[in-house]
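Visitor: Residues per chain are reported as follows:
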Amino acid sequence: MELLPTIWFIVIAVLWTGYLFLEGFDLGVGMLMKLFARDNTERRVLLNTVGPVWDGNEVWLITAGAATFAAFPLWYASLFSALYLPLLVVLVALIFRAVAFEYRGKVDADAWRARWDWAIALGSFLAAFGVGAALALTTTGLPLNANGDRVGGAFAWFSGYAVLGGLAVVGFSLLHALAFLALKTDGDVRHRARRWFVRLLPVLLLPLAGWALIIQFLEGKPWTWAAVIMAVTAAAAAWFLARRGSEGRAFMAMGVFLILGSASIFGAVFPVVLPSTLEPAFDLTVANASSSDYTLGLMSVVAAVGLPLVITYQAWTYWVFRRRVSASHIPAAHSFLPAIAVKAFTTKG
Amino acid sequence: MEALEIARWQFGITTVYHFMMVPLTIGLGLVVAVMQTLWHRTGKAEYLRMTKFWGKLFLINFIMGVATGIVQEFQFGMAWSEYSRFVGDVFGAPLALESLLAFFVESTFLGLWIFGWKQLKPAIHLACLWVAVVGSVFSAYFIIVANSWMQHPVGAEIIDGRPVMTDAWAVFTNNTALVAFPHTLMGALAVAGGFLLGIAWYHLWRRRTDGIDAIGVDGRVVPGEAGIPGRDRTDHKVWIRSLRIGAVVAMISFAGTALTGDLQGKLMFEQQPMKMAAAEAACHDGTGFSVLSIGNLGSKNCDDIKALIEVPGILSFLANGDFTTEVRGVNGLLDQYKTDYGTHLPDNPIYGERAGQEIEYVPVMEVTYWGFRMMIGFGGLAALAALIALWVTRKGTVPASRWLMRLAVFGILAPFGANAAGWIFTEMGRQPFVVAPNPDLNGIDQVFMFTAAAVSPGVSAGELLTSLIVLTAVYAVLLVVEVKLLVKYIRGGVVSAMPELAHTPADENEDPTKGPGTGKPADDVLAFAY
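Heads up: the sequence lines are chains A and B, in that order.
The first sequence runs 42 to 390 under this note's numbering.
The second sequence runs 1403 to 1932 under this note's numbering.
Rather than coming from a laboratory, the hints here were simulated on the basis of the structure.
Note that the Cβ used here is the ideal one computed from N, Cα and C, for glycine as well.
There's no promise every hint is true.
[To be verified] A few chain B residues that face chain A, going by a derived Cβ cut-off under 8 Å, partial list only:
id: 1; residue: Arg1487
id: 2; residue: Ala1495
id: 3; residue: Leu1499
id: 4; residue: Phe1505
id: 5; residue: Gln1521
id: 6; residue: Ser1862
id: 7; residue: Val1876
Build the full structure now, drawing on both the sequences and the hints.
Guide: Structure (structure tokens):
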């Protein structure tokens, strides 16, 4: 076993887990803009629970991508090119979603807000689904030839696993967002989110549990089976804690669930990073897809310093904005009072 | 079109577009941080207003840079998988470091800044902005390091057919990067300078034509007040200071781009002589810089091109720092490139249908020749305009001319054009290589890659065309939205970014007995919310 590539496999697993933990709830909050919020004030409450942090959360995705490029160029190249069209959808979804967060409140008009609400909700849904599909397919495999290129055309990646993985991340994100809202809001939104969480937990976690179990049946090792069982226990704990009203602990339990679930999946497929469904000899593995030890060593030093630092200042951000958001905190919509009414470019001088 | 062509168009369009947002983010970020620092130190109202107004425009633009940046990172793997496989060991590291050390910082601390008004202590709030801005500058550095490695691959040797990093210090202190980085930063500041200048000009002009500011007997401005919130005497200070800051930034940054560009040019004459010969559209060795060349610049036979106006000696100065050394032209270099890197693409499956084709070593000369001149021309024009603007506004306001105002506003585009032209020149000028060969290494040590070998072999032209159309359409729509929003906030003036200006005086008038902090419900409302 090669030490540095293995470490980097773990780092990438950590980055994806961090991404799903953090952006999981803001993707879910995005979807809940349409599914859960009842009026504009509630939508703004939802939006402002993630307002200061969503962009920082999204960087976990960018870092996961860039770290894969640097540490496992062959994995990055094969996965991203094979999933060309689904990743295009993810990109467009992320673009609209990001812009919508920032622009939604910039014009005080219902039609304007409604459009960006859809951009946030659909963008969050498609991004979550696409990322889930891509992650599932990197564990179950793609039709890759000896060079690592996809064969079979633009849709050769499509399989039930893609749908299962997509649903898994969508379901998890929705549930995680409900736990987050119960923790981060007050008033009616808080209590409703908690009720929804308790009621929907079994359904929303089903696809993720299905994916984790399929991987265990295919590639499981004793310790990854144990992780699955512990993850299920954590989910059960989250359910009981939420029902009892311990919102903070329920949210923590969701985090434990995600870490264990993700460890069970990444651990089971190790050392294969992207199997070929055509020929096992074409599998990309930790050993054959990685960069040189020199590059990995350099990045290990940087990551050993950088990653704890990132976690520290991001944690501080959450501390700064720890206060629950409720309808009474939301300032009035900022209706324009233009200092200049005349259009200088259209009137004649 | 073939997959390769489509992928190149897509990369070009998405990159140039992304780099409309990026320099404004970097440049304006620095300027806003300085403004907030001035407010923090002096407590003067105009600096707070400047921070809020320019900060608002900064954020409207920032988000577009973020949104389009993800496309750049994904695109290498999606459309250029062979490139990614080939260079990943070296090129991936600066990208990974960028997100880990710079982009995380930028995004997180900007979130703190946006939402942290009143929640954070003023000094900490200000520090958050500075940290975010420094993050964006580091971000630029890492991206420039990655790009510079494509221009001048160092610190790596070929093992099993792929470059492997052997010297990280060499990669991160690549001389190409060390000059391109300040050049890019200066270019970003030039964009911010023009942006401030044009918009502040518009507002000063508006105040004059609305009859708020008058001209006194000595020719100096007499600032007035209108009965509209935010259009008071402080407002005049906001715009005249913004204008002067913008003009000074524009001039300093042009000087900076000229100095660093000169260094960069001299390096490029060594590192990619063909790029510079093509920038000149010069067939033969010579010393003169062409001011105007005509003819068919795309012609394979470059003897079709005639330099109509040429300044003797200047080309030698650009390349070597003297006026006499001959600079090599396209024809002589062509023979050398053919000897060094072959006349035909190898019969290797990674070249697809292009395997065995003749290699076209001369970049598209219309692009390199005019790209180079547009970069310098637009940059110089913006700096000249800034100098004139400083002189014209020395008595505190702008002339009443509507046409001058329009010129100042459209002048905002010039530094954008200079940035885009510079990048198009440097990237197109590197062709046919995606990783240009480093001439200091020879033979087997050569690290280089032809663009024809870089595209994803498994991705069809149809997929690439789909994404080209989708991304271009999405970008076009969002450009319209962004510009409309910017125009709306610009027209609105400071009050659009500070709604409290419209409310505070009225509240005070209604209840003058109420002291500060006496349980107003407003205390509980977020200072900023989406």
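Visitor: What are the numbers of the hints the structure violates, in ascending order?
Guide: Per hint list: zero violations.
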